[in-house]
Amino acid sequence: MKMISVLHFLNTLARAGTEEHVLTLLRGLDRSRFRLSLVCTPSVAEKLGPDVPPDVRMVPLSLRKPTDLVAAATLAKILREQQVDILHSHQFFGSLFASPIGWLSRVPVVIETPHLREHWRKGWLKSRFIVDRLAGRFVDRYIAVSEANARYLIERKGLPPEKITVIPNGCDLRRFDPNRKAPTGWKRSLRFKEDDRVMVVLGRLEPQKGHTVLLDALPAVLKKCPDARVVCVGDGGLRPELERKAERLGLSDAVRFVGYRAHVEEWLALADFTVLPSLFEGLPLAAIESLAAGKPVVASAVDGTPEVVVDRHTGLTVPAGDAAALAHAICRLLREPERCRRFGAAGRRWVLERYDQRLQLRRTEALYLSALEDRGASMTQPAILDEPVTIRRAAQQSNTQVARSFTS
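Here the sequence shown stands for residues 1285 to 1692, where the numbers follow our numbering.
Keep in mind that a hint or two might mislead.
[As the list claims (entries may be wrong)] Beta-carbon label-pair distances, calculated as ranges:
no.	residue 1	residue 2	range
1	P1524	R1458	33 to 41 Å
2	I1414	R1348	18 to 26 Å
3	R1619	P1462	16 to 24 Å
4	A1298	P1445	27 to 35 Å
5	G1534	L1636	35 to 43 Å
6	R1532	E1365	53 to 61 Å
7	S1473	A1546	24 to 32 Å
8	E1527	E1304	23 to 31 Å
9	E1527	P1326	40 to 48 Å
10	R1459	P1510	30 to 38 Å
[Claimed, not checked] Listed next, the in silico DSBU-like pairs over lysine-lysine satisfying Cα-Cα at most 35 Å (straight line):
no.	residue 1	residue 2
11	K1529	K1465
12	K1529	K1331
13	K1508	K1529
14	K1477	K1465
15	K1447	K1331
16	K1441	K1361
Bear in mind the hints are in silico, worked out from the structure with no lab data behind them. Backbone N, C-alpha and C define an ideal beta-carbon position, used for all residues, glycine too.
Construct the entire structure; sequences and hints are all you get.
Structure representation (structure tokens):
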């Protein structure tokens, strides 16, 4: 049986949710069927390198500008030499460069996972996604990481619905134990009191993640709940600015920035609940991880987030950028510990049923095989699964349907 060669392409610069998504695929795709490789920028190669499986060929390559002609030629050479069957690009900016090269190199199947809503695209040409539709001619299939992401691709970008498959993000839920306790003395090491109540924020310290909104909300929270404390797990370019803002707002005793931590499950054990004040998202792994640990989430109601953080069932959602609403929701969970526990238990059940990485991997493998069959390049028999895998749908679940999921 001929192995199917799959090359993943990233031209991002930092390690974040997209990169963790790719790592999940590199670690978990079936090695009896797929031979995997990764082409990514040198900075991402450095950050991901220790966690990339040894059987994955990783090539550092910076292809981020139309003038990167040598890099473009190098990618084309890699595609030909490795006889790549599937080129899988991540984020539109990556696909914009890689997909035409894949098409010119006669790669049988080109797939794009956009991951995010590109809210920053301004100007007549960019905001009408003309380039996206032109570049889409080189793409055979799109993977949307959430229902909201699928709607965005269809309704805003105008991409063909028949090319779009919803495969929600997943993670290794076995890492998370709702009964896990934080090590003795952790609060003391953070200069917190043992009876302080702790909110954890998982995410890069970048504008997207909305840390400034949380800091703006905290003075109102502390007036009503003076024992509230925040631990920000993650690093990024905004850290100095956020630390200065916290000091300026008189929050130095209440907020800790602990930097990047590989084992977030240890920090979730410290939390009463988590906060996700993002301005935009794909389908947030941070929310999935939090709920897997039995910790409810207070989150901005953006993009795919409400599919994970179901308002008043697995947490509370608020409008993005609304510090007053965020403060109110945080205080509500701080004042109602029983509700907090109930949301956490329901949230764990919710993600165990829907966001296990094994589901994501099985669905991705089936999509690969289906796409190859459609192109007349089938390498093996399609996977036989116990459920439909190609989920081409863009209608959001109604509130009634969601509520029924928690009461059945």
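Evaluated hints:
1. Between P1524 and R1458, the C-beta spacing of about 37 Å keeps the proposed range 33 to 41 Å intact.
2. Hint check: I1414 to R1348, Cβ distance near 21 Å, so the stated range 18 to 26 Å holds.
3. With their beta carbons about 22 Å apart, R1619 and P1462 fall inside the hinted range of 16 to 24 Å.
4. Between A1298 and P1445 the Cβ separation comes to about 32 Å, which falls inside the hinted range of 27 to 35 Å.
5. In this structure the supplied range 35 to 43 Å holds for G1534 paired with L1636, their Cβ-Cβ distance being about 41 Å.
6. Between R1532 and E1365 the CB atoms are about 55 Å apart, so this pair conforms to the stated range of 53 to 61 Å.
7. For the pair S1473 and A1546, the beta carbons lie near 18 Å from each other, so the given range of 24 to 32 Å is not met.
8. Separation of E1527 from E1304 is about 25 Å and conforms to the stated range, judged on CB atoms against 23 to 31 Å.
9. The hint said 40 to 48 Å for the Cβ distance between E1527 and P1326, and at roughly 28 Å that hint is violated.
10. A hinted range of 30 to 38 Å holds for the C-beta pair R1459 and P1510, which are about 33 Å apart.
11. A C-alpha spacing of about 31 Å is found between K1529 and K1465, which places the hinted pair at or below 35 Å, so the restraint holds.
12. Restraint check for K1529 and K1331: satisfied, since their Cα atoms lie roughly 28 Å apart, inside the 35 Å limit.
13. For the suggested pair K1508 and K1529, the alpha carbons sit about 21 Å apart, so the restraint of at most 35 Å is met.
14. Using a Cα cut-off of 35 Å, the hinted pair K1477 and K1465 holds, with the two alpha carbons roughly 16 Å apart.
15. Using a Cα cut-off of 35 Å, the hinted pair K1447 and K1331 holds, with the two alpha carbons roughly 32 Å apart.
16. Restraint check: the Cα-Cα separation between K1441 and K1361 comes to about 31 Å, which is no more than 35 Å; the hinted pair holds.
Hint compliance for this structure: hints 7, 9 are broken, all remaining hints hold.
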